[in-house]
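Chain residues, written in single-letter form:
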Amino acid sequence: GQQVMQIPQYQHVQEGEDFTTYCNSSTTLSNIQWYKQRPGGHPVFLIQLVKSGEVKKQKRLTFQFGEAKKNSSLHITATQTTDVGTYFCAGNNNDMRFGAGTRLTVKP
Amino acid sequence: GAGVSQSPSNKVTEKGKDVELRCDPISGHTALYWYRQSLGQGLEFLIYFQGNSAPDKSGLPSDRFSAERTGGSVSTLTIQRTQQEDSAVYLCASSLGGLGTEAFFGQGTRLTVV
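Protein sequence lines, in the order shown, are assigned to chains W and S. According to the working numbering, the first sequence is numbered sequentially starting from -16. According to the working numbering, the second sequence is numbered sequentially starting from 489.
A couple of the hints might just be wrong.
Claimed, not checked - Lysine to aspartate or glutamate pairs mimicking DMTMM-like chemistry, simulated, CA-CA at most 20 Å apart: (1) W:K19 x S:D506; (2) W:K40 x S:E590; (3) W:K34 x S:E532; (4) W:K39 x S:E532.
Stated by the list, open to error - Covered by chain W, per the in silico footprint, the following chain S stretches (three or more residues, Cβ under 8 Å): (5) 541 to 549; (6) 555 to 566; (7) 593 to 600.
Think of the hints as simulated: they come from the structure by calculation, not from any bench. Ideal placement from N, C-alpha and C gives every residue a C-beta, glycine not left out.
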């Protein structure tokens, strides 16, 4: 069945440094979504990518969808303490499968 | 309510007992998902309901797990003969148009099997 791999599992950065998390799917995806889960909270939708090679930006966050629609990345520029949390990608085909998530911690 | 509601928020049960977890999706949402999240881990897909179609049960870990969705709205996840490894947070989500539309998550049910 469809599997979504996500790396790294953890990332600790100094405030102001950049951060990137990567997702790879074993199958071509119809679309990919990104979610953020704050400590003690539930996942909250960030964005969806649909087109091959698509790039979307939300302020300091940049999301990319690979040409083959099998991989994606989330890049945060100049991290802030409010960026702390776990970032998940979710690949959609016949169902919605989540990656294992990347837990981001930011040192002030 | 305005969001996805799950009950109970916490459940402690003895090993071997059956439990039922409830999810009230956002009104009008056709898709409903169940996930399991162990402490510090990712979201493990369990089951997906879309409208009146047969549910995608491919994620259910064993035949002790079952779920139903009555009238295209409320869903119940049942775990029979609970085991300690079933301890986790069970998250429900719903979306308006199924796959490819934003999923809204409930706060989850924290299940502890002792």
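Worksheet entry | Residues of the segment 541 to 549 of chain S with Cβ under 8 Å from chain W, three needed, outcome | holds (count 3)
Worksheet item: Can the restraint linking K40 of chain W and E590 of chain S be considered satisfied, given a maximum Cα separation of 20 Å?
Response: The hint holds at about 17 Å.
Discussion item. With the threshold set at 20 Å, check whether the alpha-carbon distance from K19 of chain W to D506 of chain S stays at or below it.
Written reply: violated (32 Å)
Practice prompt. Verify the proposed pairing of K39 of chain W with E532 of chain S, using a straight-line Cα cut of 20 Å.
Written response: Answer violated: K39 of chain W to E532 of chain S is near 27 Å, above 20 Å.
Worksheet item: Between K34 of chain W and E532 of chain S, does the CA-CA distance stay at or below 20 Å?
Response: violated (26 Å)
Worksheet item: Okay, the segment 555 to 566 of chain S and chain W, do three or more residues pass the C-beta test at under 8 Å?
Response: violated (count 0)
Worksheet item: Count the residues of the segment 593 to 600 of chain S with a beta-carbon closer than 8 Å to any beta-carbon of chain W: does the count reach three?
Response: holds (count 4)
The structure does not agree with the numbered hints 1, 3, 4 and 6 stated previously, though it agrees with the rest.
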